[in-house]
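K.L.:
Residue numbers (numbering that gives the first Met the number 0): 0 to 434.
Worth flagging that the hints you see were computed from the coordinates, not collected in a lab.
Take the hints with a grain of salt, since some may be wrong.
Unchecked claim - Calculated lysine-lysine pairs in the BS3-like style (CA-CA distance at most 27 Å, straight line):
hint	residue 1	residue 2
1	Lys134	Lys100
2	Lys132	Lys110
3	Lys431	Lys134
4	Lys132	Lys431
5	Lys131	Lys110
6	Lys68	Lys407
7	Lys431	Lys131
8	Lys110	Lys160
Unchecked claim - Pair ranges (Cβ atoms, derived):
hint	residue 1	residue 2	range
9	Gln413	Lys160	23 to 29 Å
10	His180	Tyr396	41 to 47 Å
11	Ala405	Trp151	23 to 29 Å
12	Asp216	Gln413	40 to 46 Å
Built from N, CA and C at the ideal position, the CB exists for glycine as well.
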Amino acid sequence: MTDSATPDQYHNFIDQTQSEIRSAELQTVPLVIGIVAGEVSGDSLGADFMQQMNNLRGDIVWVGVGGTKMQAQGLQSIFPLERLAVMGLVEVMAQLPDLLKARRELLSAFKAADIDWFIGIDAPDFNLRVAKKLKPQGVFCVQYVSPSIWAWRESRIHNIKAATDLVLCLFPFELSVYERHNHPAICVGHPLLRTIDQTLLETPINQRRSELVWHNDGLQQFFIERFDDVSQLICVMPGSRRGEITAILPLMLDGIQKLILLDPKLCFIIPTVDQNHQYIVQDVIDQRSEQLRAAIVVVYDVSQPAFSQQAMAASDIVMLASGTATLEAMLLERPMVVVYQLNKLTYQIAKRLVKVPYVALPNILANTAIVPELIQEQASGDNICRTVMRLLQPRAYAEQLKDLVATKYLLQQQSNHDPANSVIEQWFIQEKHRI
Numbered sequence: 000m001t002d003s004a005t006p007d008q009y010h011n012f013i014d015q016t017q018s019e020i021r022s023a024e025l026q027t028v029p030l031v032i033g034i035v036a037g038e039v040s041g042d043s044l045g046a047d048f049m050q051q052m053n054n055l056r057g058d059i060v061w062v063g064v065g066g067t068k069m070q071a072q073g074l075q076s077i078f079p080l081e082r083l084a085v086m087g088l089v090e091v092m093a094q095l096p097d098l099l100k101a102r103r104e105l106l107s108a109f110k111a112a113d114i115d116w117f118i119g120i121d122a123p124d125f126n127l128r129v130a131k132k133l134k135p136q137g138v139f140c141v142q143y144v145s146p147s148i149w150a151w152r153e154s155r156i157h158n159i160k161a162a163t164d165l166v167l168c169l170f171p172f173e174l175s176v177y178e179r180h181n182h183p184a185i186c187v188g189h190p191l192l193r194t195i196d197q198t199l200l201e202t203p204i205n206q207r208r209s210e211l212v213w214h215n216d217g218l219q220q221f222f223i224e225r226f227d228d229v230s231q232l233i234c235v236m237p238g239s240r241r242g243e244i245t246a247i248l249p250l251m252l253d254g255i256q257k258l259i260l261l262d263p264k265l266c267f268i269i270p271t272v273d274q275n276h277q278y279i280v281q282d283v284i285d286q287r288s289e290q291l292r293a294a295i296v297v298v299y300d301v302s303q304p305a306f307s308q309q310a311m312a313a314s315d316i317v318m319l320a321s322g323t324a325t326l327e328a329m330l331l332e333r334p335m336v337v338v339y340q341l342n343k344l345t346y347q348i349a350k351r352l353v354k355v356p357y358v359a360l361p362n363i364l365a366n367t368a369i370v371p372e373l374i375q376e377q378a379s380g381d382n383i384c385r386t387v388m389r390l391l392q393p394r395a396y397a398e399q400l401k402d403l404v405a406t407k408y409l410l411q412q413q414s415n416h417d418p419a420n421s422v423i424e425q426w427f428i429q430e431k432h433r434i
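The task is simple: from the sequences and hints, build the whole structure.
P.N.:
Structure representation (structure tokens):
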């Protein structure tokens with residue numbers, strides 16, 4: 000470093016040197032990491048974290064549960080993650096015996112592997128119970144994705160503190176509760192902020208649509224049969240879990256049936272996460288009218304990992320269940336309508352406990368209703384039809400798009416920490432305190 004170096008160059012040099020030291024220290028001993036994702040969105044988060052860690056060193060042993068993306072990064076999943084993907088309080092109770100058995104199997108596998116870290120990806124009801132067993136044994140425990148204590152039951156912070164050494168938050172509004180209770184937490188931002196395909200935003204929508212169709216035989220056949228007889232393309236995403244699909248897709252189909260009566264040239268694309276989900280979705284659609292079936296194409300493309308993002312980017316609007324997909328749509332700058340329905344008992348319990356007025360991430364981030372939410376009884380065919388038709392009007396479309404872009408920019412500004420380095424830094428801090 001020369002005497003003429005600028006302050007920025009000096010700080011960059013120090014940061015780089017510290018990073019190299021941390022990387023060298025980390026590689027002095029083998030590292031065995033237990034990691035568990037409980038659903039498809041968690042599989043993406045886990046894979047992103049694993050890739051970052053694998054870039055730091057090439058000999059990490061990964062033990063736990065994950066899907067195809069995590070397995071591609073080196074995880075041999077003890078059992079399928081679908082075993083943990085249970086939706087709703089009532090549904091969890093029905094599956095409780097198997098969930099308890101799964102936890103015992105995991106703890107046994109972690110003990111045999113002698114893990115150093117445990118990374119729980121989302122699924123806090125399951126992962127925090129696992130972590131609470133491991134932390135007293137000296138395992139460094141991280142919960143990646145904060146439980147929604149900012150929304151309900153803040154008292155859960157005491158269990159989180161007992162089970163974890165660090166919480167990685169996806170959104171900046173989650174940090175305040177951890178600050179109040181003096182527990183380590185870092186906003187690392189959602190991986191989608193880093194991994195979303197920016198070329199999709201830079202490419203005109205007609206070109207996005209052409210490229211999407213060109214690379215998929217199912218879409219080619221669908222649009223060849225319709226020729227140019229298309230007014231608007233709507234992406235429909237009823238969720239990734241069977242429970243969501245069977246509960247929410249029929250409501251969406253009720254709305255679609257009414258929409259195509261008003262505009263027969265509307266087309267709908269449903270991208271699915273895998274072939275099994277494609278079969279589940281198609282089975283629900285096959286029970287409907289011929290007119291409705293002709294307006295919808297259900298597509299899965301194993302050759303394109305980000306196929307659902309491409310489908311959203313190529314569509315005029317997105318009709319979707321609440322969840323990570325709403326964040327994807329916002330980052331892709333696609334106006335949307337959120338449709339969601341829970342088991343009635345689950346909803347009544349949640350309604351009494353939850354203290355935030357929104358379910359869609361864009362609304363929570365903006366702290367105002369920029370995206371229409373049709374929840375429970377509001378999620379009727381008539382309401383879905385009216386809301387979609389209203390959003391397709393140029394003024395409403397432009398207004399929501401403007402709000403989505405502003406919210407996206409604010410989120411990008413507030414999410415600037417790297418997950419892997421954040422975990423490593425906190426681990427070193429803890430290790431120094433033990434010495």
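K.L.:
For every hint, state whether the structure bears it out.
P.N.:
Hints, one by one, checked against the model:
1. For the proposed pair Lys134 and Lys100, the alpha carbon gap of about 20 Å is at most 27 Å, so the pair holds.
2. Taken as a hint, the Lys132 and Lys110 pair is honoured in the structure, with Cα atoms around 11 Å apart against an allowance of 27 Å.
3. Annotation: proposed proximity of Lys431 to Lys134 holds, straight-line Cα distance about 17 Å (limit 27 Å).
4. Between Lys132 and Lys431 the CA atoms are separated by roughly 23 Å; this keeps the pair inside 27 Å, and the hint holds.
5. For the hint linking Lys131 to Lys110, the alpha-carbon distance of about 14 Å falls within 27 Å, and the restraint holds.
6. Between Lys68 and Lys407 the alpha-carbon distance is near 26 Å, which keeps this suggested pair within the 27 Å criterion.
7. Proximity of Lys431 to Lys131 is assessed by CA-CA distance (about 22 Å); at most 27 Å being required, the pair is judged to hold.
8. Under the criterion of a C-alpha separation no larger than 27 Å, the hint pairing Lys110 with Lys160 is consistent with the structure, at around 22 Å.
9. Under the hint 23 to 29 Å, the C-beta atoms of Gln413 and Lys160, about 24 Å apart, fit the expected range.
10. At about 42 Å, the CB distance of His180 to Tyr396 agrees with the hint of 41 to 47 Å.
11. Take Ala405 and Trp151: their Cβ atoms lie about 27 Å apart, and the range 23 to 29 Å holds.
12. Range check, Asp216 to Gln413: Cβ separation about 42 Å, and the 40 to 46 Å hint holds.
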